[in-house]
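Trainee: Sequence:
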Amino acid sequence: MAVMIAAPSQPGRRALCSTAQTDTAATMSNPTNTPASPPWPNVPACYDWLSLDRRGTWRLRGEAVIHAGLRAFLDRYYGHDDAGNWFVQNGPQKVYAALDYMPLVLRLQPDGSLHTHASDDAGAISGVWLDEEGNMLLATAAGPALVDDRDLAALLAECQLADGSPASDEALLAALEGQTLLRWRDLPVQTLSRADAPAVFRFNPAPRAS
Numbered sequence: 001m002a003v004m005i006a007a008p009s010q011p012g013r014r015a016l017c018s019t020a021q022t023d024t025a026a027t028m029s030n031p032t033n034t035p036a037s038p039p040w041p042n043v044p045a046c047y048d049w050l051s052l053d054r055r056g057t058w059r060l061r062g063e064a065v066i067h068a069g070l071r072a073f074l075d076r077y078y079g080h081d082d083a084g085n086w087f088v089q090n091g092p093q094k095v096y097a098a099l100d101y102m103p104l105v106l107r108l109q110p111d112g113s114l115h116t117h118a119s120d121d122a123g124a125i126s127g128v129w130l131d132e133e134g135n136m137l138l139a140t141a142a143g144p145a146l147v148d149d150r151d152l153a154a155l156l157a158e159c160q161l162a163d164g165s166p167a168s169d170e171a172l173l174a175a176l177e178g179q180t181l182l183r184w185r186d187l188p189v190q191t192l193s194r195a196d197a198p199a200v201f202r203f204n205p206a207p208r209a210s
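Numbering follows UniProt numbering, in which position 131 of the sequence shown is assigned residue number 131; successive positions increment by one, without gaps.
These are computed hints drawn from the structure, not numbers from a lab.
Some hints could be false.
[Claimed, not checked] The calculated label-pair distances, taken between Cβ atoms and stated as ranges, are:
hint : residue 1 : residue 2 : range
1    : 82        : 157       : 19 to 29 Å
2    : 186       : 66        : 20 to 30 Å
3    : 72        : 179       : 43 to 53 Å
4    : 54        : 191       : 15 to 25 Å
5    : 66        : 185       : 30 to 40 Å
All of these numbers come straight from a predicted model, not from anything done at the bench.
Quick reminder that beta carbons are idealized off the backbone N, C-alpha and C, glycines included.
When you get a sec, could you build the whole thing from the sequences and use the hints?
Mentor: Right under this line is the structure:
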């Protein structure tokens with residue numbers, strides 16, 4: 001039996017995964033359960049089908065999701081559990097997402113604010129890091145995030161030296177090597193290895209069935 005990822009009002013949407021390629025998950029109760037509303041059935045969790053790339057594009061088995069309605073559905077029901085697994089809640093089914101890098105991807109808006117790939121305001125930013133490749137990682141109210149590489153240059157241009165002067169390319173390289181202290185929007189710029197990001201930000205980039 002194929003498990004469809006589609007809103008009830010949109011029958012016929014393509015199957016996201018089939019039970020033959022998933023493992024069972026714990027039963028989830030319907031939060032609105034009443035005598036007239038039976039609990040949700042056992043539905044296998046789905047792994048290795050859905051992924052999020054470094055530009056915030058959803059992919060099904062590597063194929064970019066281009067259907068606007070499906071993208072909106074994935075964005076709306078995207079969240080995480082206490083173990084740092086990120087997934088889309090498809091009715092009673094959890095569809096776990098493999099992450100190319102971070103759980104969220106940020107895009108710069110014309111007013112200087114940052115929105116996630118799901119078009120949500122990132123909210124307050126509490127930390128900023130540069131990895132060894134020069135990527136910018138942010139701790140935001142919405143969650144741990146990677147700056148979209150198409151907006152990276154504009155945000156790096158906001159980095160400043162201790163005296164408030166703009167950071168040159170040489171200063172940015174020195175910061176990556178731990179030789180110069182920079183600030184970005186009044187926050188100290190820290191360095192972080194990409195390999196350490198999942199542990200530091202407490203997320204699982206590749207959920208697997210237990």
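Trainee: Which earlier hints turn out false for this structure, listed by number in ascending order?
Mentor: 1 and 2
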